[in-house]
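The primary structure of each chain is shown beneath.
There are 2 protein chains.
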Amino acid sequence: MLSNTEENYLKALLHLTDLNSIKEQAGTNELANYLGIKPATATDMLKKLKEKGLVDYEKYGKNNLTPKGKKIALELLRKHRLWETFLYEKLEFSWDEIHEVAEELEHIQSEKLINKLDQFLGYPQYDPHGDPIPDNKGKIPKTKRMLLCDKPIDSVCKMVAVKNNSVSFLKYVSQIGLAINSNIEILEIEKFDGSMQLKIGDQTHRVSRKFAENIFVI
Amino acid sequence: MLSNTEENYLKALLHLTDLNSIKEQAGTNELANYLGIKPATATDMLKKLKEKGLVDYEKYGKNNLTPKGKKIALELLRKHRLWETFLYEKLEFSWDEIHEVAEELEHIQSEKLINKLDQFLGYPQYDPHGDPIPDNKGKIPKTKRMLLCDKPIDSVCKMVAVKNNSVSFLKYVSQIGLAINSNIEILEIEKFDGSMQLKIGDQTHRVSRKFAENIFVI
DNA sequence: ATATATTGTTAGACTAATCTAACTTATTTT
DNA sequence: AAAATAAGTTAGATTAGTCTAACAATATAT
Ligand SMILES: [Mn+2]
Ligand SMILES: [Mn+2]
Ligand SMILES: [Mn+2]
Ligand SMILES: [Mn+2]
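Protein chains in written order, with my numbering: chain Y, 83 to 300; chain C, 83 to 300.
Bear in mind the hints are in silico, worked out from the structure with no lab data behind them.
Among these hints, one or two may not hold up.
Identical chains blur together in the list; that is why a pair holds if it fits in one copy or across any two.
[Claimed, not checked] The list that follows gives simulated cross-link-like pairs (lysine-lysine, BS3-like), each with its CA atoms no further than 30 Å apart:
#1 224 / 120
#2 245 / 198
#3 194 / 172
#4 253 / 194
#5 221 / 120
#6 292 / 130
#7 120 / 273
#8 253 / 150
#9 141 / 273
#10 120 / 219
#11 129 / 292
#12 233 / 253
#13 273 / 144
#14 172 / 198
#15 219 / 233
Bear in mind the structure is a predicted one, so any value in this text is a computation, not a measurement.
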């Protein structure tokens with residue numbers, strides 16, 4: 083049995099390596115920074131998780147999950163995204179409120195619970211942020227999506243997911259009229275800073291490159 | 083913010099004093115025994131909870147909740163019973179499976195979550211074990227119920243709740259055909275050991291006094 | 001190839017929650 | 001009232017998870 087803390091490390095490693103990422107390995111500082119702890123603390127935990135056979139750890143090397151660790155991390159991701167879907171679909175939470183609560187709910191230990199919840203929700207494939215939900219074997223629906231910042235000028239696309247779950251970002255996204263499935267037309271791209279002029283519905287908005295790096299589109 | 087452990091102590095004290103109980107105070111050994119820990123550990127925690135203003139604790143005295151501690155304990159009880167209702171009503175759990183999972187779910191910190199859950203469930207007044215659910219002010223619906231063991235011979239009554247949430251007890255109750263709202267006729271009471279011969283539906287069963295002490299009826 | 005900056009580890013300390021063993025206080029029995 | 005039993009506390013140890021400060025290894029820039 084893993085503690086909530088150990089589970090959070092595994093999920094963090096999954097995010098930093100496999101998910102939305104080209105890299106296969108995560109540095110200790112990077113991990114610590116992601117979790118809001120100090121590198122010294124991460125080193126200790128990495129050793130512990132290595133002992134449990136969940137992480138490949140070598141002194142001064144890079145870290146990544148073993149297959150066993152990855153399996154657990156995927157189960158956590160599944161739980162997280164199913165709970166988010168529950169909160170959004172059934173309890174009328176807004177999409178900026180769900181992540182924090184799901185961060186706690188994902189640690190509830192009951193396989194029956196999560197499978198029944200999945201059934202109750204109608205086996206959803208994507209969560210309210212547009213992220214794919216692993217099935218009960220850990221398989222994630224493949225998505226061929228790209229980032230808004232990589233779209234060329236004058237192209238038209240559809241928002242399918244957000245890359246960032248922070249409250250401030252999500253509120254901002256909603257506020258300019260964007261939601262999952264919104265159509266976006268790129269009217270202009272500023273050479274200087276990469277900011278974009280977008281047409282969303284009947285309004286236009288200028289967004290920063292940083293913003294555009296956090297919107298997935300097809 | 084309280085830890086899960088601290089919350090469990092408060093809920094235990096509520097159970098040992100106010101709930102299903104005439105006593106107003108709980109001994110340290112009694113508390114430790116209820117929680118499955120050692121008395122020394124309970125002493126430490128009682129001191130800590132006293133510091134936080136949640137428990138009245140005096141060396142070698144009896145323990146009970148302060149109003150502030152009781153309020154928190156009632157919120158936990160509300161969460162526990164609402165989650166049990168959710169698992170039973172929406173996710174098709176059986177009544178012997180819900181307690182353990184709710185023991186974890188009750189610690190999720192979100193007032194909005196629990197109030198939305200309450201709404202989603204249609205503001206239930208009783209949980210699947212027949213226990214009253216406190217409202218969002220901590221008010222518990224009054225129930226005038228008694229124990230099956232205190233019913234006289236030849237009387238007829240209706241089961242409204244169970245006093246014990248253990249898996250083994252609940253399975254046994256179901257197995258002899260009893261459920262919330264079952265009608266029971268007391269055919270015979272054995273002087274020697276207080277065991278009872280009951281008529282349930284079209285069957286008769288002999289149950290021990292201990293069993294009859296754990297069934298609430300009206 | 002050397003110096004500098006970045007990254008990661010170790011050592012030592014702290015807090016929360018638990019235990020065992022020894023001790024103290026309170027209650028019950030004779 | 002003394003002895004025996006039960007109940008409760010204290011002291012000291014352990015484990016998990018965290019920190020800071022000092023140190024070590026690796027990577028980068030001259
Ligand atoms: Mn989490
Ligand atoms: Mn999500
Ligand atoms: Mn609990
Ligand atoms: Mn119950």
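Checked hints:
1. 224 / 120: Close neither inside one copy (34 Å) nor across copies (51 Å); limit 30 Å.
2. 245 / 198: The answer is both: 28 Å in one copy and 27 Å across copies each meet 30 Å.
3. 194 / 172: Both: 19 Å inside a copy, 13 Å across copies.
4. 253 / 194: between (34 Å within a copy, 18 Å between copies)
5. 221 / 120: For residue 221 and residue 120, the Cα distance exceeds 30 Å both inside one copy (33 Å) and across copies (44 Å).
6. 292 / 130: neither (36 Å within a copy, 47 Å between copies)
7. 120 / 273: So residue 120 and residue 273 fail the 30 Å test inside a copy (38 Å) and across (68 Å) alike.
8. 253 / 150: Classified as neither: same-chain Cα gap 36 Å, cross-chain 35 Å, threshold 30 Å.
9. 141 / 273: neither (43 Å within a copy, 73 Å between copies)
10. 120 / 219: neither (34 Å within a copy, 41 Å between copies)
11. 129 / 292: neither (35 Å within a copy, 51 Å between copies)
12. 233 / 253: So residue 233 and residue 253 pass the 30 Å test inside one copy only (23 Å; across, 60 Å).
13. 273 / 144: neither (36 Å within a copy, 74 Å between copies)
14. 172 / 198: Both, since 14 Å and 9 Å are each at most 30 Å.
15. 219 / 233: neither (34 Å within a copy, 53 Å between copies)
Checked against the numbered hints given earlier, the structure breaks hints 1, 5, 6, 7, 8, 9, 10, 11, 13, 15 and satisfies all the rest.
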